[in-house]
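Just so you know, the protein sequences line up as chains Z and Y, in that order. If you use our numbering, the first sequence corresponds to residues 4 to 340, in order. If you use our numbering, the second sequence corresponds to residues 4 to 340, in order.
It is possible that some hints are incorrect.
Which copy? The list can't say, so a pair holds if one copy fits it or any two copies do.
As the list claims (entries may be wrong) - In the SDA-like style, the derived pairs of lysine to any residue whose C-alpha atoms are separated by at most 25 Å in a straight line are: (1) K330 x T255; (2) K301 x S338; (3) K330 x P256; (4) K80 x P53; (5) K110 x K274; (6) K29 x V63; (7) K330 x Y296.
Since the hints were derived computationally from the structure, they do not count as laboratory data.
What follows is the residue order along each chain.
2 protein chains.
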Amino acid sequence: MIETDIIVIGAGPVGLFTVFEAGLLKLRCHLIDSLPVPGGQLIEIYPKKPIYDIPGFPIVNAGELVDNLMKQIEVFKPGFTLGETALTLDEVENHFIVTTNKGMKHKAPTVIIAGGLGVFEPRKPPIENLDKFEDKGVEYIVRDPEFYRNKRVVISGGGDSALDWTIYLIENKIVKSLALVHRRTSFRGHLDSVQKVMDMANAGAIELITESEVVGINSNGNGHVGSVVIKHANLGDIVKEADHFVPLFGLTPSLGPLADWNLEIEKNAVKVNTLDYSTNRKGVFAVGDINTYPGKLKLILCGFHEGTLAVQSAFAKIHPNKKNVLKYTTVNGVSGF
Amino acid sequence: MIETDIIVIGAGPVGLFTVFEAGLLKLRCHLIDSLPVPGGQLIEIYPKKPIYDIPGFPIVNAGELVDNLMKQIEVFKPGFTLGETALTLDEVENHFIVTTNKGMKHKAPTVIIAGGLGVFEPRKPPIENLDKFEDKGVEYIVRDPEFYRNKRVVISGGGDSALDWTIYLIENKIVKSLALVHRRTSFRGHLDSVQKVMDMANAGAIELITESEVVGINSNGNGHVGSVVIKHANLGDIVKEADHFVPLFGLTPSLGPLADWNLEIEKNAVKVNTLDYSTNRKGVFAVGDINTYPGKLKLILCGFHEGTLAVQSAFAKIHPNKKNVLKYTTVNGVSGF
Chain Z
4 MIETDIIVIG
14 AGPVGLFTVF
24 EAGLLKLRCH
34 LIDSLPVPGG
44 QLIEIYPKKP
54 IYDIPGFPIV
64 NAGELVDNLM
74 KQIEVFKPGF
84 TLGETALTLD
94 EVENHFIVTT
104 NKGMKHKAPT
114 VIIAGGLGVF
124 EPRKPPIENL
134 DKFEDKGVEY
144 IVRDPEFYRN
154 KRVVISGGGD
164 SALDWTIYLI
174 ENKIVKSLAL
184 VHRRTSFRGH
194 LDSVQKVMDM
204 ANAGAIELIT
214 ESEVVGINSN
224 GNGHVGSVVI
234 KHANLGDIVK
244 EADHFVPLFG
254 LTPSLGPLAD
264 WNLEIEKNAV
274 KVNTLDYSTN
284 RKGVFAVGDI
294 NTYPGKLKLI
304 LCGFHEGTLA
314 VQSAFAKIHP
324 NKKNVLKYTT
334 VNGVSGF
Chain Y
4 MIETDIIVIG
14 AGPVGLFTVF
24 EAGLLKLRCH
34 LIDSLPVPGG
44 QLIEIYPKKP
54 IYDIPGFPIV
64 NAGELVDNLM
74 KQIEVFKPGF
84 TLGETALTLD
94 EVENHFIVTT
104 NKGMKHKAPT
114 VIIAGGLGVF
124 EPRKPPIENL
134 DKFEDKGVEY
144 IVRDPEFYRN
154 KRVVISGGGD
164 SALDWTIYLI
174 ENKIVKSLAL
184 VHRRTSFRGH
194 LDSVQKVMDM
204 ANAGAIELIT
214 ESEVVGINSN
224 GNGHVGSVVI
234 KHANLGDIVK
244 EADHFVPLFG
254 LTPSLGPLAD
264 WNLEIEKNAV
274 KVNTLDYSTN
284 RKGVFAVGDI
294 NTYPGKLKLI
304 LCGFHEGTLA
314 VQSAFAKIHP
324 NKKNVLKYTT
334 VNGVSGF
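Extracted from the complex, chain Z is given alone in its bound form (with noise of 0.2 Å):
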């Protein structure tokens, strides 16, 4: 069991910032995040692209704009779930406890719900019996490229992530063998992704396979991936040889289990009240995209003031008898734990 001041669902920009907010009221915060690395949308979904209306940063790299967090609340030594999703909310004598999907529990009088858009779920493609090979074989998400160091892996999909993931997995020479099977012959990706596996392709380094998609997949006979059925446009099918298959069609976000954790919700996000960005529940905040109220705009600086201010309010129930007088960082400076 995990015991903090302050639960943070969610490890995008809002909820890395909220843990600085809470350190200068020396609160400590454990963040919990579905995605292995902390970020959120800025990391998953766009990385590299720069954002212009962070204030102060006529323009920033979004995953420079999360290596600065993570740098301004170092000292403030948050804890991380990473990997997990928050399952369930629970209250236990004024104290919540948050489970995840592995089962790691996490106690604290304060939840501050920093989700972004949710959780992001993989886009599945339509094949039968599919979810029976999850974690036997099929994976949505590469996490960890050793994971298929010396297997015969097949990709599907068209987008930067089947291209960027296949090159990767060739060029540090991991994969015994690698086929990507993509629906088209033209591919939405970065020119030079296509490129280059246009000339792995051609130098035999990969097996290119378009204008197919997987349809079927076999069994090894122990329960596990043994092999994909590959339908061809015009060939018909084929069946390969595989130890994993990897459908990289994209992540949508959804609510995902804080649906049922009897929050208000209204258009598929938890209404809150815009003094403290407090939910229903008493000693639940939500701040940030996952958050509406009127004249809501999902915005990074939104959520970075709506954080700021659910933390004033986390220590209010944290410490009922305790003073709180606002500290100016630029008089007083930031000290740690």
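Given chain Z's structure and the hints, the job is docking chain Y onto it.
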């Protein structure tokens, strides 16, 4: 008459960033500030101090933050009326007219007050008839050092401002003569500034008159400063010929003229609602340190959020029939005027 979409009163960090958010909605801004340069408190009070609580900046120098913001809004070509105080706010046919103390008029359908701590008013020494010599040889702020070219100047004060200007005016060989008058023998300033001033006094470059106060001002016969009376703690009075007397005892903030703009005032700040940070006057908003609402925190990052929401409502007033769809800079980039 300057015409624009939004008159922004105050060119501190929040006023500056408001220009950016307005620009994204294709609204033009004109800023008015009583200080001679943009930056507000950041420039006036702590240009060289570090700030630690701007999201994404583990540390940023206040002056650097202003430079960044100026760069960020450059593309939207804001207008500036600097060194003038917004004096009156009138309403004419669904438009506002803001007139400065120097008579400059500005017209726009909306006004966003980002006035920070208000107008900075100089702390004035208690000298009879001091007011009579204002702009006639008595200045409380050094706006342009060249103004003192070849003049005989008496500065009084013991802080950084008095020390820094003494050093500047001597090192750049601007003044004919300079006397620095200070009540004590020790100074409240950077040690190396104090040392420099001591060295200048020892070298005869300035006259350093400690344990003394300026207690009177005499006219030169034309109503302009001609000499000052300096009272030493033990040694009695001396009369010193001078063209300028510059008391640098710091600036204190006050709500200033806008206290009379029929805005609801509470706790020496403008009351707003948190939907769009609008005041009781339709079309007039207040953002940043100048406003108040339940739970208000006087933080720059909160002002960024408030300004962002205020321009949304400003847009709705300016273009009542136009739909405003939030566009992300990461997707759409920023196109200026």
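Pop the pair K330 and Y296 into one bin, within, between, both or neither, using alpha-carbon distances up to 25 Å.
between (28 Å within a copy, 19 Å between copies)
What label fits K110 with K274 when the C-alpha limit is 25 Å: within, between, both, or neither?
Answer is within: at 23 Å inside a copy they meet the 25 Å cutoff, but 39 Å across does not.
Checking an output row: K330 and P256, CA cutoff 25 Å. Within, between, both or neither?
Close across copies (19 Å), not inside one copy (37 Å); limit 25 Å.
When no copy is named, should K301 and S338 be tagged within, between, both, or neither for a Cα gap of at most 25 Å?
between (31 Å within a copy, 20 Å between copies)
Between copies, within a copy, both or neither: which fits K330 and T255 at Cα up to 25 Å?
between (41 Å within a copy, 20 Å between copies)
Give the relationship of K80 and P53 under a CA distance limit of 25 Å: within one copy only, between copies only, both, or neither.
For K80 and P53, the Cα distance is within 25 Å only across copies (22 Å; inside one copy 28 Å).
Check K29 against V63 for me: Cα-Cα at most 25 Å, and say if that holds within a copy, between copies, both or neither.
Classified as between; 22 Å across copies, 29 Å inside a copy.
When held up to the earlier numbered hints, the structure conflicts with none and fits them all.
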